[in-house]
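Participant: Sequence:
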Amino acid sequence: MAKTRVCLLFGGVSEEYEVSIVSARSVFFHIDPARYDVTLIGITRQGEWRLFEGGVEELNAAWLEKAPKTALIPPVRCGEVWIFSKQGVEKRPIDLVFPVMHGKNGEDGTLQGLLSLAGLPFVGCDCLSSALCMDKATAKLVLNNYGVPQAPCITVEREEATVKIEEIKQAAAALGYPLFVKPSASGSSCGVSKVNAPEGLAEALAFAFASDKRVLIEKAIAGAEVEVAVFGKGELIVSPPGEIAPGSEFYDYDTKYKNDTARFYIPARLSPTAASGVRALAGKIYRALGCRGLARVDFFVDGETVVFNEINTLPGFTSISMYPKLMEAAGMSYSELIDRLIESAER
294 MAKTRVCLLF GGVSEEYEVS IVSARSVFFH IDPARYDVTL IGITRQGEWR LFEGGVEELN
354 AAWLEKAPKT ALIPPVRCGE VWIFSKQGVE KRPIDLVFPV MHGKNGEDGT LQGLLSLAGL
414 PFVGCDCLSS ALCMDKATAK LVLNNYGVPQ APCITVEREE ATVKIEEIKQ AAAALGYPLF
474 VKPSASGSSC GVSKVNAPEG LAEALAFAFA SDKRVLIEKA IAGAEVEVAV FGKGELIVSP
534 PGEIAPGSEF YDYDTKYKND TARFYIPARL SPTAASGVRA LAGKIYRALG CRGLARVDFF
594 VDGETVVFNE INTLPGFTSI SMYPKLMEAA GMSYSELIDR LIESAER
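Residue 294 is where the sequence shown starts when you use this note's numbering, and the numbers rise one by one after that.
Bear in mind the hints are in silico, worked out from the structure with no lab data behind them. None of the values given here were measured: they were computed from a predicted structure. Please note that a few of the clues may not be correct.
To be verified - List time: in silico DSS-like cross-link candidates among lysine-lysine, alpha-carbon distance up to 25 Å:
| id | residue 1 | residue 2 |
| --- | --- | --- |
| 1 | K487 | K526 |
| 2 | K577 | K526 |
| 3 | K296 | K384 |
| 4 | K296 | K433 |
| 5 | K457 | K506 |
| 6 | K506 | K433 |
| 7 | K506 | K462 |
| 8 | K433 | K457 |
| 9 | K433 | K379 |
| 10 | K618 | K512 |
| 11 | K462 | K433 |
| 12 | K384 | K362 |
| 13 | K506 | K487 |
| 14 | K512 | K462 |
| 15 | K577 | K618 |
| 16 | K506 | K526 |
| 17 | K526 | K362 |
| 18 | K526 | K512 |
| 19 | K433 | K487 |
| 20 | K384 | K526 |
| 21 | K379 | K362 |
| 22 | K457 | K487 |
| 23 | K379 | K457 |
| 24 | K462 | K487 |
Unchecked claim - Ranges between beta-carbon positions, derived for each pair:
| id | residue 1 | residue 2 | range |
| --- | --- | --- | --- |
| 25 | L421 | L468 | 41 to 47 Å |
| 26 | P386 | I530 | 48 to 54 Å |
| 27 | Q463 | S612 | 55 to 61 Å |
| 28 | K384 | G406 | 29 to 35 Å |
| 29 | P471 | S612 | 58 to 64 Å |
| 30 | P471 | K362 | 47 to 53 Å |
Glycine residues also receive a C-beta, built at the ideal position from the N, C-alpha and C atoms.
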């Protein structure tokens, strides 16, 4: 039987560049070479598309030095990757794309729009769902219509941050400290600060606006940080909830990927009622936002009270990432997960 020709996309211009490379290395290591013919395309921090031809052990942050050939997916329905070198242009057929890209231009609908223009099936949510889930402020508005419990918040545009600063301070005080200040469209807790008093608000806003033009100021919710992995489209597989004990002020980028302070509990240390409620709400949110393929839904849980935090449509796929660990707890190994995700790509 002919192998499925998969284009694995990684890297990109977001703050999660290094994480994407580690995720791609893990997928590349576990994908079955007997079933798949894999073309790897890495996107540099500057947005250049390059063909990677090395082994899995060479796939690291310095991969560009060993990837001199330019590659791209043309926005025409040819089912090919175009690879440019001194010898000319090689047009390599592909059947589908597996994006392992996080954050800006990876899971925000822009890449999904390009792949749709190219007529290529791809793993994960479509253009609309990806864009909707990436922007926390917009996702919250949609989920309000579904009665999903969320933390009280206000949204601030960059242009308002100076001219309306007193109004913003008053609105923040009305929410009550402590607060979280976060970019509306950024992943892996990039640009996020916890603010315990009014004096820290201006600095936190500046930090968040460095990542996005729209920022959320959100009431801090007490409770355990709980995550649920969801897979599928019609019939969903919803994992047992997992719990994160960050070992720091909150589960920020450094805690996720650089430090070794976080502790994970799968299943989460929840009552049966709370665990059931979290799983049901994760499925409801996934459907409400039009997801397909995969997403990780994050919550705060305090006793029996469950509050939605955010959703990620291309969650981390590193060896320590929660999504594959949670799916393993649901009975799906890492390699089987890759197979099922590839099968889920709409053709």
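Participant: Look at each hint and say if it fits the structure.
Facilitator: Each hint tested on the structure:
1. K487 x K526: Violated, at about 35 Å.
2. K577 x K526: holds, 12 Å
3. K296 x K384: Status holds; Cα separation ~18 Å.
4. K296 x K433: violated, 41 Å
5. K457 x K506: Given pair K457, K506 holds - Cα atoms ~15 Å apart, limit 25 Å.
6. K506 x K433: holds, 17 Å
7. K506 x K462: holds, 18 Å
8. K433 x K457: Within the cut-off at roughly 23 Å; holds.
9. K433 x K379: violated, 49 Å
10. K618 x K512: violated, 29 Å
11. K462 x K433: Answer holds: K462 to K433 is near 22 Å, not above 25 Å.
12. K384 x K362: holds, 13 Å
13. K506 x K487: holds, 19 Å
14. K512 x K462: Distance of about 13 Å is within 25 Å: holds.
15. K577 x K618: holds, 21 Å
16. K506 x K526: Distance ~32 Å between K506 and K526 Cα, so the pair is violated.
17. K526 x K362: Cα-Cα ~36 Å, so violated.
18. K526 x K512: violated, 32 Å
19. K433 x K487: Holds: K433 and K487 sit about 20 Å apart, inside 25 Å.
20. K384 x K526: violated, 32 Å
21. K379 x K362: Holds, because 9 Å separates the two Cα atoms, which is no more than 25 Å.
22. K457 x K487: holds, 21 Å
23. K379 x K457: violated, 55 Å
24. K462 x K487: holds, 15 Å
25. L421 x L468: 41 to 47 Å: Violated - the Cβ-Cβ distance for L421 and L468, about 30 Å, lies outside 41 to 47 Å.
26. P386 x I530: 48 to 54 Å: violated, 31 Å
27. Q463 x S612: 55 to 61 Å: Violated, since Q463 and S612 (Cβ atoms, about 46 Å apart) do not stay within the stated range.
28. K384 x G406: 29 to 35 Å: For G406 against K384, whose Cβ atoms are near 22 Å apart, the range 29 to 35 Å is violated.
29. P471 x S612: 58 to 64 Å: The hinted range 58 to 64 Å is violated for P471 and S612, with Cβ atoms some 33 Å apart.
30. P471 x K362: 47 to 53 Å: Holds - the Cβ-Cβ distance for P471 and K362, about 50 Å, lies within 47 to 53 Å.
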